[in-house]
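Enquirer: All chains should be modelled from the sequences, with the hints used to inform the complete structure.
2 protein chains.
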Amino acid sequence: MFEAAEIKHKVDKATFAREEPRLRETLLAAQKTLAEKKPFEVVILLAGLAGAGKGDVLATLNEWLDPRQVDTVDGDDATDEERERPYMWRFWRALPPKGRIGVFVHTWYGDPVAERIGGDLARAALDQRLAEIRRFERMLADEGALVLKFWLHFSKKQQKKRLAKLEKRRATRWRVTKEDWAEHKRYGDVVAVWRHAIRTTNQAHAPWTVVAAADPEFRMLTVAKTLAAALEQRLAGPRQLVTITAPPPIPPVDGKRLLDVVDLSARLGPHEYKRRLAALQGRLNALTREKRFRRHGVVLAFEGPDAAGKGGAIRRVAGAIDARFFRIVPVAAPTDEERAHPYLWRFWRHLPRRGHVTIFDRSWYGRVLVERVEGFAEQDDWLRAYNEINDFEEDLVGDGVILVKFWLAIGQREQLRRFRERQTTGYKRFKIGPDDWRNRKKWEAYTAAANDMFERTSTGLAPWTIVPADDKRHARVAVLEAICKRIEKALG
Amino acid sequence: MFEAAEIKHKVDKATFAREEPRLRETLLAAQKTLAEKKPFEVVILLAGLAGAGKGDVLATLNEWLDPRQVDTVDGDDATDEERERPYMWRFWRALPPKGRIGVFVHTWYGDPVAERIGGDLARAALDQRLAEIRRFERMLADEGALVLKFWLHFSKKQQKKRLAKLEKRRATRWRVTKEDWAEHKRYGDVVAVWRHAIRTTNQAHAPWTVVAAADPEFRMLTVAKTLAAALEQRLAGPRQLVTITAPPPIPPVDGKRLLDVVDLSARLGPHEYKRRLAALQGRLNALTREKRFRRHGVVLAFEGPDAAGKGGAIRRVAGAIDARFFRIVPVAAPTDEERAHPYLWRFWRHLPRRGHVTIFDRSWYGRVLVERVEGFAEQDDWLRAYNEINDFEEDLVGDGVILVKFWLAIGQREQLRRFRERQTTGYKRFKIGPDDWRNRKKWEAYTAAANDMFERTSTGLAPWTIVPADDKRHARVAVLEAICKRIEKALG
Chain A
1 MFEAAEIKHK
11 VDKATFAREE
21 PRLRETLLAA
31 QKTLAEKKPF
41 EVVILLAGLA
51 GAGKGDVLAT
61 LNEWLDPRQV
71 DTVDGDDATD
81 EERERPYMWR
91 FWRALPPKGR
101 IGVFVHTWYG
111 DPVAERIGGD
121 LARAALDQRL
131 AEIRRFERML
141 ADEGALVLKF
151 WLHFSKKQQK
161 KRLAKLEKRR
171 ATRWRVTKED
181 WAEHKRYGDV
191 VAVWRHAIRT
201 TNQAHAPWTV
211 VAAADPEFRM
221 LTVAKTLAAA
231 LEQRLAGPRQ
241 LVTITAPPPI
251 PPVDGKRLLD
261 VVDLSARLGP
271 HEYKRRLAAL
281 QGRLNALTRE
291 KRFRRHGVVL
301 AFEGPDAAGK
311 GGAIRRVAGA
321 IDARFFRIVP
331 VAAPTDEERA
341 HPYLWRFWRH
351 LPRRGHVTIF
361 DRSWYGRVLV
371 ERVEGFAEQD
381 DWLRAYNEIN
391 DFEEDLVGDG
401 VILVKFWLAI
411 GQREQLRRFR
421 ERQTTGYKRF
431 KIGPDDWRNR
441 KKWEAYTAAA
451 NDMFERTSTG
461 LAPWTIVPAD
471 DKRHARVAVL
481 EAICKRIEKA
491 LG
Chain B
1 MFEAAEIKHK
11 VDKATFAREE
21 PRLRETLLAA
31 QKTLAEKKPF
41 EVVILLAGLA
51 GAGKGDVLAT
61 LNEWLDPRQV
71 DTVDGDDATD
81 EERERPYMWR
91 FWRALPPKGR
101 IGVFVHTWYG
111 DPVAERIGGD
121 LARAALDQRL
131 AEIRRFERML
141 ADEGALVLKF
151 WLHFSKKQQK
161 KRLAKLEKRR
171 ATRWRVTKED
181 WAEHKRYGDV
191 VAVWRHAIRT
201 TNQAHAPWTV
211 VAAADPEFRM
221 LTVAKTLAAA
231 LEQRLAGPRQ
241 LVTITAPPPI
251 PPVDGKRLLD
261 VVDLSARLGP
271 HEYKRRLAAL
281 QGRLNALTRE
291 KRFRRHGVVL
301 AFEGPDAAGK
311 GGAIRRVAGA
321 IDARFFRIVP
331 VAAPTDEERA
341 HPYLWRFWRH
351 LPRRGHVTIF
361 DRSWYGRVLV
371 ERVEGFAEQD
381 DWLRAYNEIN
391 DFEEDLVGDG
401 VILVKFWLAI
411 GQREQLRRFR
421 ERQTTGYKRF
431 KIGPDDWRNR
441 KKWEAYTAAA
451 NDMFERTSTG
461 LAPWTIVPAD
471 DKRHARVAVL
481 EAICKRIEKA
491 LG
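Those protein sequence lines, which keep their order, are chains A and B. Take 1 as the starting number for the first sequence in the numbering used here and just add one per residue. Take 1 as the starting number for the second sequence in the numbering used here and just add one per residue.
In case anyone wonders, no lab produced these hints; they're calculated from the structure. Don't take every hint at face value.
Said to hold, decoys possible - Straight-line Cα separation of at most 20 Å, EDC-like style, residue types lysine to aspartate or glutamate; simulated pairs:
#1 A:K54 to B:D322
#2 A:K38 to B:E337
#3 B:K291 to B:E84
#4 B:K32 to A:E421
#5 A:K37 to A:E232
#6 A:K38 to B:E338
#7 B:K274 to A:E63
Expert: Have a look at this one:
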């Protein structure tokens, strides 16, 4: 794979001088269309061997492109806000919005590959990380991003020559670090791990271009031409989904599904409720003050039909936690900044730091519930969302986040009773509107969507907790108990 | 001022039980209107003596209000991303958008007051910080925010009793820290500094409410009633500007203004240009790699008529800096998240960390230029913007940010020449559109606005650099030179 990049490639200065203006014009024109129409975002990964010219390519890209529409992402030294969240959070927050170009100089390959080279990561663990990366890049492509990855390569001999040359000249001496020479000594290991990483993540929707890096003109023309061609092609054609989606799920032939068998009869008397609520709130409060708790973020997601009691349950949970450590995110229509990013971006941005709790009042499941039923999302999009959501939750849990997902289940009759009560009770009146009555007519469709959702997203790592909620008291206590148990389990 | 809060105030449980449901209903109804119509944001500051019940009030507020629309802001331990930016950045980023309530438990008073109590801040320096705070709160109010500040107070004796009581019970022991007892010992100093801070920042548009805190029921009713009354009043009435704006500026009677006397004849030949550009870019590059540079952020703002050469100058600056350390922010129409915050929020959010450079292509001066001329901002708003901008820049420079503001000055004839050139040259054609021709007709109005701007915002700390730009080569070299000089001066 790398052999072709180690033979002598060269572009003479005259050819380069002839090609450059044409290429720049092509790039600028494409970039102009991109910035104006904002059809998609461009994600460029710039990786390579020490001394192979990442910095030079980056500088020239910024010179040839309109740098006002380019974001360079340097994730070299993670900040504490980044370190306290799942690894991918730092890259999600840096993703360019549609219309812009993001150049990642330090990429999501950085940590896993470096850990493997350093011997801190077993081969199987590396493969697991690479599989995560593949899923992430597929998600980007499915969401419409143009993803291009470059690996700047040369032989060990060429690397030695280059580093020595840089070191000799006073003006460039600072560019060669101890780490570069350390890398040179382990050239074989470095190349072996990268070869494996590149091979297993080289896919049509997020291709690697291995660039022979010894000759600066050859190197730059290769990168620029690859980018220009990819941009023109994508601007000309429509977005293509990478994920071949299976046909929509078919309900079991006997018609019997999970929500049909939930026993909604559970009840809790007011005295028992008061006693258990106080005990559970105290227990949760104590848990959040434990030292070990500071090693975990907590994410709670609440879903369920209108009037299922999500708000009331959330208040009882929030009431148990110091207000400085929780944040409630009501999920409504996305802002325009959120719409300019992949679907899950708006949830990633609210992920808690360690020791903090984020409570989502409705969640990322909106795509496979309301957006599916109301037709806001296309079928292909909500069908692939199941897997994207599973990947997202795996990222969270893998990083030590304690994730609890609640479905508050109520019967159709109980919903009607609550709607009527809301209409007649003064301070509850604001909780009901025409939307609620409209949604109620689609009860069957919402229930089917929920049943499909449980089947596809109740995973071992992130199971759904279905709470019978016809009785609010029972539901609130059940929610608090589930949270306490999950935290206790995580704290060991 | 505090005496009234030290006498024995008490609300009996029966009164409290009677008042609570009514108050909660009022608060919820007001909050509902707030969340739906999003007329303004609510900023609540919750400060008070140790043991006076900040935590309790916060918890009850979250219980009585709909906590899904409330953000609690705890700035206790600043993150490194916060520490590497001006002090106020952490509060700007936490400001609630219109429609939401932000409760600041740690407030912008925190650092200056604590430093003064600890003896690290002279009285004069404290007063300077308090003056900054006054201006910040006035800006919030001018932008429409409802600002309420609470100080929970009790006597030294009451504090001792309270802390001792909390410590005695096992369930509350954790709430009393060493710092609380240390504060108790210095009660007199603490109260003296806060008394001064509260007195000098107590203004109608951002009033302090001193709350007698010994009795929990009295304390909570006072806070909640104050909040409810303020909310209802503001929801009923229109927004009122705090700042009485002076009438719009009148040009000097002889008509002679700054831009009239700029000598646009400066020229630079291509050879000289090449030589000096290379030298300056090298100089700038070396400066950004100095160790001392990592202590400063750099903010560059570029303004000037269309086709003045801002883009070209920015590219020459960017070309000199490692792409990982600069970010170019093209200022266009605000996003809806930006519109939901005070005007300057969209610039605060892009402020660089130390060692980084943010280049604004057009800037916060849009309010007194394009927004003024095109009528996008009301007269009161752009008139008060001059002072807000001066305050903003003082914040930056006071924190060590190196700020350089450029006006690229071109003549009307040169602009016409460039417009025509753009229309006929292939790769430049995308740089001209109908907007440019329309703006050109308003040349006089834009020039007058720019002249007013120089007079009001070219301060000692943040002077304007007016660059004759009829000759692009001359302008680019002048821009680079000004940046180098300012950085050199700052690095000492």
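Enquirer: It remains to establish, for every hint, whether it holds in the given structure.
Expert: Hints and how they fare:
1. Note on K54 (chain A) and D322 (chain B): the hinted pairing holds, with a Cα-Cα distance of about 11 Å set against a maximum of 20 Å.
2. For the suggested pair K38 (chain A) and E337 (chain B), the alpha carbons sit about 18 Å apart, so the restraint of at most 20 Å is met.
3. Using a Cα cut-off of 20 Å, the hinted pair K291 (chain B) and E84 (chain B) holds, with the two alpha carbons roughly 15 Å apart.
4. Restraint check: the Cα-Cα separation between K32 (chain B) and E421 (chain A) comes to about 19 Å, which is no more than 20 Å; the hinted pair holds.
5. Restraint check for K37 (chain A) and E232 (chain A): the C-alpha separation of about 14 Å stays at or below 20 Å, so the hint holds.
6. Between the alpha carbons of K38 (chain A) and E338 (chain B) the distance comes to roughly 19 Å, so the proposed pair stays at or under 20 Å and holds.
7. The suggested pairing of K274 (chain B) with E63 (chain A) holds, with an alpha-carbon distance near 16 Å, which does not exceed 20 Å.
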